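Note that the protein sequences, when read in sequence, are chains A and B. Residue numbering for the first sequence follows full-length UniProt numbering, beginning at 1 and increasing consecutively. Residue numbering for the second sequence follows full-length UniProt numbering, beginning at 1 and increasing consecutively.
FYI, nobody ran anything at the bench for these hints, they're computed from the structure. Heads up, some of the hints might be wrong.
[Stated by the list, open to error] If the Cβ cut is set under 10 Å, some of the chain A residues that face chain B in the computed set are: (1) LYS7; (2) TYR54; (3) PHE57; (4) GLY61; (5) VAL76; (6) PHE95; (7) TRP123; (8) LEU137; (9) THR214; (10) THR220.
[To be verified] With a Cα cut of at most 20 Å, we get these calculated SDA-like pairs of lysine to any residue: (11) A:LYS180 - A:ARG245; (12) B:LYS190 - B:TYR282; (13) A:LYS15 - B:ARG21; (14) A:LYS7 - B:ALA186; (15) A:LYS7 - B:GLU520; (16) A:LYS15 - B:THR24; (17) A:LYS15 - B:PRO121; (18) A:LYS74 - A:ALA261; (19) A:LYS7 - B:ALA521.
Note that this is a predicted model, so its numbers are computed, not measured. The beta-carbon is built from N, C-alpha and C at its ideal position, and this holds for glycine as well.
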Amino acid sequence: MAHTLDKYFVPEPSKYPIFGSIALLLFASGAVMWLNKIGGGRWVLLLGVATLVYMLFGWFGQVIRESQSGKYGKQVDRSFRWSMGWFIFSEVMFFAAFFGALFYARVLSVPWLASGANEALIWQGFTGAWPSDGPYLADPFTPMGAWGIPALNTLILLSSGATLTWAHYGLLKDNRSQLKIGLVLTILLGVTFLGFQIYEYVHAYQELNLQLDTGIYGSTFFMLTGFHGLHVTIGAIMLTVTLGRVLAGHFNPEHHFGFEATAWYWHFVDVVWLMLFVVVYWL
Amino acid sequence: MAAVTPDQLHDHHHGPTGLMRWITTTNHKDIGTMYLIFAFVMFLSGGVLALTIRAELFQPGLQIVQPEFFNQLTTMHGLVMIFGAIMPAFVGFANWQIPLMIGASDMAFARMNNWSFWLLPPAAILLIGSFFVPGGATAAGWTMYAPLSVQMGIGQDMAIFAVHIMGVSSIMGAINIVVTVLNMRAPGMKLMKMPLFCWAWLITAYLLIAVMPVLAGAVTMVLTDRHFGTSFFNAAGGGDPVMYQHIFWFFGHPEVYIMILPAFGIISHIIPTFARKPLFGYASMVYALAAIAILSFSVWAHHMFTTGMPAVGQLFFMYATMLIAVPTGVKVFNWTATMWRGSMSFEPPMLWAVGFILVFTIGGFTGLIVAVAPIDIQVQDTYYVVAHFHYVLVAGSLFALFGGAYYWLPKWTGHMPDERLGKIHFWCSMVFFNIAFFPMHFLGLAGMPRRIPDYALQFADFNMLATIGAFGFGLSQLIFIVVAVKCVRGGAKASARAWEGADGLEWTVPSPAPYHTFEEAPVVR
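Pulled out of the complex, with its shape left as it was, chain B reads as follows:
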């Protein structure tokens, strides 16, 4: 495994070995690796839940699971993928890359960094374990709307505490990233010279600090409504279930950007590398990130157009939501302009990045469509919405994560990932993703509701297609395990600058990156 450089500090003795190394480590690379592995395991777990859902929906009628269990599956699929897979995966990237990109010796709070990670397994135990308690996991949906969540069984309490613990982890991780970026940059690295991935994470971390506590408050109210007789979401006592939705989505909408801004950061590194041109419009990219983050606090009620709101409110949230298309459009334009007349090559990272731009933009457009209140009232809670958010979360966040993984695997392992397998992985994912999710647009427009285990006969063909696509997509991800394992074990040696067009401090250290890097801060001019 990673060697210790001779110039290590005297207080950096190697410490425990074996399992204890991973439990006690304060090294940002170790912790990043653990985050990434944990996220991938949770991704596969959430994938199994998703495939069970799709298997049930292969044909009309009830074949495999009971409706109650189906609702548990959709709920847990959402919670596991969002809090277990996507968010920790991006934190894993942050841990590995931010210190390398800004020339810092480690994260600002290395010990707390360890705790941020090791809080996740207990949360996962509570979440996954809730399937096996009486009454099973919560079936209130990942949004845990009251009054449904108030009426659920033990599984709901476990989910609430899991959310609390993951929230603690996220807040500590976010504070760590903010402080690292603001205080640990190498001399000369001004904020406006900073790599965009660090900018994206700095802004994401602010979002996390601002909204995770609000989610904690929301689920705490659910907990006290459940067990201590409070009336936050009970109209009989003067409360209101709709209030839960307001508080939840005040968290929930910035959460959406928490899951996509780091993806934007990754894409902003891959595209210039493989177009062999500097990123077009660096400053406007930074301002667009900030604009998206700020706007994200004033759009939450577009998730609630059908739950009752004055027309003025609907108009405000509709226009505010559409405004977000402006900075997002700036980003898509800049990526495209970076590729314009570039000297392009299409190694796996670039394939994922270009695929991201294409498919994520489709998700962005459907987002614009559902932002229109009168249309949203038609498609609310239909498969159209399911299609929309899978286009931005799978083809957005997940594609960027895979792109980033292929891009930085040489730096992490010292070997180039298998290019042929990487391309197969991409093309299978791309094709099967669209087979799985594109038909859902039609299903939704035709009126098929989401979170339903059975459906009318007219929806049968598209559902069958979607299920075939989903299984193809799920199986395609196994290719990545092969690529990753092969890459760790061997393969073509990677040079320090693994990719011809790569630029940035992380490419100045050897591949694989030594256990300790930048103990002497580099000077950036």
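This is chain A alone, in the form it adopts within the complex:
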């Protein structure tokens, strides 16, 4: 087995993890206070977010500096690849819980409420047709159609995947301007997607009477698209950081895992959207 000469890089003691722990403790405590209307909760929560941002800046900054100073050999690179892959898998399982809830509601719980003794004795006249906000709320709403903004958003996100791959080819060919243009286009498409999503939410709340508390349809719609939107936001931030690193002259055709990790994440977000488009908006 041909090993590289450099030893596996083990970082020195670091102050950042404990900041991350304090941040999450503040975040959680603040959120608990805020949700239960205890004064000051919002500020504790914000302090937690600020600490988390400080920690992320410091930690990732250190990782980037270590990478730039050539401390990461081939074996470390492999570690990063494995870990990013399994991290994305864990994200897939997180979304799976919410997709599971959607399928359960559509295939099992709503039809059950509209059949047999449930319908005859408790929820008379409830048809159980999807989309449904349940037998009791019965507040008329308009479901989100698939072929307006959502279809456009599908196109936007798919194009962003293409521009990102184009940027990646630029990086591999050491064509820096193709890399920069591709990244900028990808970020712009991502931000456009997010803008459309915000517009769609406002439209849903104000004109369709479709809200988070619109029964199981509103719950699954907003939780699935909301968590997806959150991930697009995180992906866009990652892309922006990557662009900053490209402008600073980082990455070369051989050594650019930071770019690839971002790309993997962006494609994952893309695939989740396709699933969403089919089972939340379309069918």
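Got chain A; can you put chain B on it based on the hints?
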């Protein structure tokens, strides 16, 4: 404390000292030690909760606690023991042992490793702290079933966030272990030559990555149902409380194996060492671990036989569950076959391992019994189930943890643990464990429900016995503190190969293991 070897790398300067050393450390041995101490503290805390429960149940009627508080006790006992004690203890073993066993210089992500540990104290603060907020801790049971969890007070929110934070910790820890095992093995250590503890943890880590996010999703839905008006678990809005149980147990059943597979790994090292024979059927042990893990994703609804399910579903989950007995049987058979005609000696680790096989197998058999849907419908939510899962979790996971601790303490401290005290610890635990939990089978079969602070007079005798056993078991664990402290401070010097029959890379480094080991990867043939 641990000395620094002369051949340390230049970028490994010793760093901060005192408390800051432990807060900032990136050393897998430091982090492993912190995990183990944290887990033991949580084990004692969860034990105090358990003993309060047993004290209340010593006699019929209400003596010590109010019913509401009793429910908080059972809930928090479960959460603290599962997420605070058993899981972190196994991660502590993984941190100490995996790099030593595969010849790696450290874990793959040493800094993230630190964060995985230091996320646990905040989670513990949220969990334990929830006892002191208005309304007290959550009393919805460790499973946090909706709609009960949707109706609880502030304590439920704290438990939800604690679960989120512990989930983040577990996922990072699991990714770290997967990458370490796949990418950091010494040259020549092929996967099928790898020590079984590493195999067990590799498979466990996959389970963690697959199911912890699902738990996060489940408790997030509870959170939004509580505060943001969603209807996931509300039939009026088209949701279903039973859906919570499906999502929860999709996490919950693999979670059961997350808590036992590393135990299987530890036992697979202790038995060959003290039988002085190689493990019987290494390959079948690996395949059995994998089979258990894969099957664990298709058995979750056996926790829900009484909550309403088509007969086809009951049959599927019943047979799938019984299938798990096959690979588990393979393992028990192989351990027994390893001992067959071995040159056996019974130092404390071996006592715990043999005790494990005996008592865990009883738990496995009762598991087979409750897997049968018609029987389960009789014993669902009775003390029979309590007896069953304590036989696999206490006599399974915990006994293996103690066995592993006695086995590797020489490597960690450089001293042999006190053999006499270790044996007393084992025999007291073994006897009192059975006094505490065996009568629960009878209680359950006779119909005593779990999570109830009061009971009918007919259950009084067995409950009194169980309480005596529980207090004996709890007090026996204090012996371990004495053993551990004595072992850290002194005692008979341990050689590199502390046990005569021990085999593996970790026994090639001195005892105690130097602060940095395997900076030059050893070659395995």
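Ascending list of hint numbers which this structure does not respect: 2, 3, 4
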